[in-house]
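Chemist: Chains A and B, in that order, are what the protein sequence lines are.
When we follow this note's numbering, the leftmost residue of the first sequence carries the number 3, and every step to the right adds one.
When we follow this note's numbering, the leftmost residue of the second sequence carries the number 0, and every step to the right adds one.
If you are wondering where the hints come from, they were derived from the structure by calculation, not from laboratory data.
The C-beta atom is built at its ideal place from N, Cα and C for all residues, glycine as well.
Check each hint, because a few of them may be wrong.
The calculated EDC-like cross-link candidates involving lysine to aspartate or glutamate, where the alpha carbons are at most 20 Å apart (straight line), are [said to hold, decoys possible]: (1) A:K65 / B:D23; (2) B:K152 / A:E67; (3) B:K357 / B:D400; (4) B:K105 / A:E55.
Sample of chain A residues at the chain B side, in silico, Cβ under 10 Å [unchecked claim]: (5) A11; (6) Y14; (7) V18; (8) G74; (9) L76; (10) G83; (11) L84; (12) V85; (13) V87; (14) T95.
Given next are the chains, with one letter for each unit.
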Amino acid sequence: MNSIILKTAVKYLFPVLVLFSLFLLIRGHYEPGGGFVGGLVAASSVILYLITEGVEKTKRLMKFEPVYYVAGGLAISLLSGLVPVILGMPLLTGTWSNIEAPVLGKLGTPLVFDIGVYFLVLGVSTKIVISLAEED
Amino acid sequence: MDFLISLPVILPLFSAILCVFLRDYVKAQKTINFVTASLLLVISFTIGHFVYHDDIIVLNSGNWSAPFGIVLVADLFASSMLMVSNLVYFAVVFYTLNNIDKEREKLYFYPLLNTLMMGVNGAFLTGDIFNLYVWFEVMLISSFVLITIGGEKSQLEGAIKYVTLNLISSFFFLTGVGFLYGLTGTLNMADLSVQISNSEPSVLIDTVSLLFLAAFGIKSAVFPLFFWLPASYHTPPVVVSAIFAGLLTKVGVYSLIRVFTLIFTQNTSFTSDILVVIAGFTMITGVLGAAAQNDIRRILSFHIVSQIGYMIMGLGLNTALALTGSIFYILHHIIVKTNLFLVGGLVDKVKGSFALPKLGGVYKAYPFFGVLFLISALSLAGIPPLSGFWAKFTIAKAGVDISAYFIVGVALLTGILTLFSMMKIWNEAFWKEQPADCVQVIKVTKKDLVLSVLPVVLLASVTVLIGVFAGSVFEYAEKVTAGLTDSTNYINAVLRRISE
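Here chain A stands alone, though its shape is the one from the complex (with noise of 0.2 Å):
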């Protein structure tokens, strides 16, 4: 979309919506938020750059294929259900270090699956939209 309105006001929108995403996905480690909602406003914040910007770019912004977010997301949600197995507890078990981090809390799997999750949910976002741009 040729617009120098929305040109002008994604270049701002776009790291603040991927901040945004961010502060979503860590804030669901104790609070409402999470990967999924995280995902989602990452997403769009890739959609919005596409009608801008058009398909290359994205795809360029993107690095690797929409697909391999979603098997990589898959791939890391999956390894976090499996930690708690390897210590010996059933399978996806919340397990916690005695780490504390600044900002983020205890660190535990439930982070690190909640990360898959976001992967998951911005890799097929941006692969259906991406899909349907590229059918016009």
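Given the coordinates of chain A, work out where chain B should sit on it, guided by the hints.
Modeler: Below, chain B without anything else, positioned relative to chain A:
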């Protein structure tokens, strides 16, 4: 130990992820897929062994105990289904090695096959009714894509019916789950069983049970909402049809049996009457539909419908023997049906068509194919001593025992008509001379042929073995039934109560 029962779900997921990353390396995907299928086979038989000799295995995922968390449960019924399904999956994957086109391989065929199997295994293993819904969706969405990739016109046409009806059934399913949760405040199947048997019988519970009957009925293709199946199953490549034919509808039947033996046991006379009527119509319409067809895959698709009728009949007759018959039937049917589709694929491979008028002379050129076909076809029709005979015999005996002569008559008639259809395929495709204008020169290498025939031989020999060792299989099915008719063991295992 309990980690073992999560493997049938985790392993295909892991393999699917790997296959996506290796998208451009088809050979690597093939290898991974084959290794996964072999591992699944070993794991499912290990699970089956442990469950048979020890006890029900329960896994509290996330370390949340039932009824709060989601549990995976492998009891005898689930593990028996797991074993045959993964056996069939192994055979199909073996067959796929040489029989899938390059186009589809590039379009994520292998990851989808894995996620499909993940859904099937998950549905068998879960002990949570909402989780069952999720597994159904995993399975259905994979199957939606598998049925449409390739994008041929007939495929899309069939897929629309398939997707629409299955979405409607998911809607029924979800509504039913919502009602159950509203009534009892729990989603754990063992806990639901306890709560519902302790509550007053009410019209609402009966209604909810009918919602489940409708939902699983559509998914297992029973009368009157079966037409999505013959409309779509003949469109994708034969490997896809084979795995759909063997597994998908049977997951519906599995869920029906599970729900009506574990949860809705209060007012069985009400539901079993409905089930028997549905079973009768399903058998007859399916087999008559098949008689009118002239394409191998279409005939076989209609026969899935009629065979589902037998399984539902066993559940509807509602005696221990009838249920044993149903379970025997499912175990036998999954193997035989998949194999018939694979044989159909072999015929297509050497003669280039599925249409009966264009076929002929397969027996003359490949006598061995004829043997393989006859084993499965006669077993499907219920000729002794093959596996189908014992399955049909058990169900018919159960019907005679409670003087349900009419439905037994329908079942026997269906058997004869099944034989008629199978003989039609035999006469047209295998026996008669191929019409001269339809003869195509198709080159099939020896290696290709051997690799394609081996999985069919595997399944055919299992069919024969089930027939020969029918006594042991029957005892096994009786044990499975005992676990279903008296669900105390299941409930105690899931809710971690100490049995007295």
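Chemist: Taking each numbered hint in turn, which are not upheld by the structure, reported in ascending numerical order?
Modeler: 2, 3, 4, 5, 6, 7 and 12
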